[in-house]
Structure formats: C-alpha cells, structure tokens
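Please build the complete structure, drawing on both the sequences and the hints.
So the protein lines, in turn, are chains C and R. If you count the first sequence from 1, you need to add 214 to reach our numbering. If you count the second sequence from 1, you need to add 42 to reach our numbering.
Worth flagging that the hints you see were computed from the coordinates, not collected in a lab. Please note: incorrect hints may appear among the correct ones.
Unchecked claim - Selected chain R positions facing chain C (in silico; Cβ < 7 Å):
hint	residue
1	ALA61
2	ALA140
3	PHE141
4	THR142
5	SER157
Note that beta-carbon positions come from the ideal geometry of N, C-alpha and C, so glycine has one too.
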Amino acid sequence: MLIDPSTFRRVVAVRGRLLANDEASVAELARDARISPSRLIRTFAALFGTTPHQLRTRVRLDRARELLAGGAPVTRVCMEVGFSSLGSFSALFTRWTGTAPSRYRAPAPAAPLVPGCLGMLASEPRNFREATPT
Amino acid sequence: MLHINLTSIMVDDQSKALAFYTDVLGFVKRMDFPAGEYRWITVAAPDRDDLQLALEPNANPAAKAFQQAMFAQGIPLASFESTDLDADYARLMKAGVAFTKAPTNAGAVKIAVLSDTVGNLIQLHQRL
Chain C
215 MLIDPSTFRR VVAVRGRLLA NDEASVAELA RDARISPSRL IRTFAALFGT TPHQLRTRVR
275 LDRARELLAG GAPVTRVCME VGFSSLGSFS ALFTRWTGTA PSRYRAPAPA APLVPGCLGM
335 LASEPRNFRE ATPT
Chain R
43 MLHINLTSIM VDDQSKALAF YTDVLGFVKR MDFPAGEYRW ITVAAPDRDD LQLALEPNAN
103 PAAKAFQQAM FAQGIPLASF ESTDLDADYA RLMKAGVAFT KAPTNAGAVK IAVLSDTVGN
163 LIQLHQRL
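Dropping the structure here:
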C-alpha cells in the first residue's frame with residue numbers, strides 16, 4: 215500500500231504512544247489519530263509488521279522482564295505493566311520467554327555479544343553496556 | 043586497495059527481518075549463526091555474493107532511539123538499486139509492502155521508499 219505523508223505521521227505517532235506504554239485503547243488511539251481503527255491496524259501492520267495490540271503486548275512483556283529480573287514480585291509486575299489477569303500475563307510471558315514469570319527472577323544475564331555495530335565484533339567495547347560510561 | 047563488501051542495518055526482530063529481506067525483497071541468506079543471545083545474519087542479492095548486508099539486532103538503546111527518530115522523520119537508512127523500479131514497486135505492492143513514496147524521478151535516478159517492517163525505511167533507486 216502507498217501511505218500518504220499525513221497518515222504516515224499519524225500512525226508513527228500511534229507507535230510512539232504504544233512504545234511509551236500509553237494505556238489508551240486501540241479505538242482511542244485511532245480516534246486521536248483521526249483514522250478508522252481498521253485502517254490504523256492495516257496501515258500499522260504494513261509499516262511495522264505487527265498490530266498495535268501485538269506491539270503493546272510486546273512492550274509490556276519487555277518491561278515485565280526487566281522488573282522480574284530486578285526481583286519484583288510477579289503479581290506487582292503483572293499489575294504495573296498493565297495486565298489485569300495474572301493468568302493471561304503468566305501464559306503470555308511463558309510463551310514469549312520460555313520461562314514462567316515466577317521463575318524469571320535471576321538478574322538479566324549479561325549479553326556476551328550485543329553487536330550494535332560491526333566494529334564491536336572485533337574490538338572493545340564488546341557491547342553497548344561496556345560502551346556506555348558509568 | 044579497500045573494498046566495501048559488508049554493511050549492516052539495525053532490525054528490531056532478526057527472524058522477521060530475515061523473512062522480509064528474503065521472502066519479500068528477494069535477497070538470499072548468506073550467513074546465519076548464533077552470536078551471543080542474537081544471531082549473525084547476512085543477506086545478499088542472488089547474483090552478488092560479494093556484497094552482503096548484516097541484519098543486526100537493535101538491542102543498543104542508542105541504536106533504537108536513532109532508528110525510531112529516523113523512521114519518524116521519513117528518512118531511509120539504506121538504498122538498494124533496482125534495475126526496473128516500476129516492476130519492483132508493482133511486485134512489492136502486490137506482496138503487501140508499505141511504501142511512503144511511489145516511484146519518483148529525482149534527477150539522475152528514480153526513487154521509491156518502503157518500510158522493511160523491522161524499523162527502517164528503505165529507499166530503492168534506479169539509475170536513469
């Protein structure tokens with residue numbers, strides 16, 4: 215599909231809100247973007263390869279993983295990232311990470327290699343954590 | 043003598059990126075092996091094994107911020123040559139690819155811009 219500049223800007227703004235874990239429903243996001251929900255979903259998927267709902271879930275699960283790795287209790291994490299059902303949160307988290315949230319407590323393993331740029335493959339710093347001054 | 047034979051692009055999902063760059067764009071996979079918690083993946087044009095593009099994870103927050111800002115500004119992060127842009131545009135449109143610019147004459151080249159679904163706008167160009 216060919217996306218006009220105005221629609222492009224509005225759909226990108228919706229993505230920005232979802233990445234910021236905005237709690238607005240997809241219908242509300244569409245209304246604010248002055249675009250129909252079905253057109254928003256279709257355009258969003260064509261641009262980003264995922265639906266707004268799927269991106270929201272991924273953002274929440276990403277955040278949950280960080281909180282759990284920091285030792286936060288599962289129930290609090292579930293509520294804090296925006297899930298209302300512990301059951302659906304646990305099922306989604308387990309499917310996504312391969313580990314149940316109740317077992318995902320250890321500190322996040324330090325990535326042995328997070329390329330980030332080609333140069334990091336062959337020299338120090340080996341990843342962005344090492345590259346970032348503390 | 044130095045040659046440019048490998049460059050890279052950040053992608054927000056390596057598996058999805060590999061599928062898009064091969065199944066949709068038509069490149070072929072050249073390398074795919076584990077690299078820490080990610081993979082080292084390169085693709086190339088079917089007839090040019092000497093020029094490869096690495097699909098790198100954008101796990102670096104700085105890369106993520108850069109990628110998102112460039113996308114929001116409508117700026118492509120790479121440009122691939124097409125020998126027949128109108129035909130490639132028609133083929134990719136049929137495959138459901140999102141374009142932000144239809145084929146447009148721009149001086150010595152004709153260009154079009156598409157989304158690669160993994161966080162980047164990609165320009166296609168044909169020399170005129």
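Here is what the structure says about each hint:
{"no.": "1", "hint": "ALA61", "result": "violated (9 Å)"}
{"no.": "2", "hint": "ALA140", "result": "holds (4 Å)"}
{"no.": "3", "hint": "PHE141", "result": "holds (5 Å)"}
{"no.": "4", "hint": "THR142", "result": "holds (5 Å)"}
{"no.": "5", "hint": "SER157", "result": "holds (5 Å)"}
Comparing the model with each earlier hint shows a violation of hint 1 alone; every other hint is respected.
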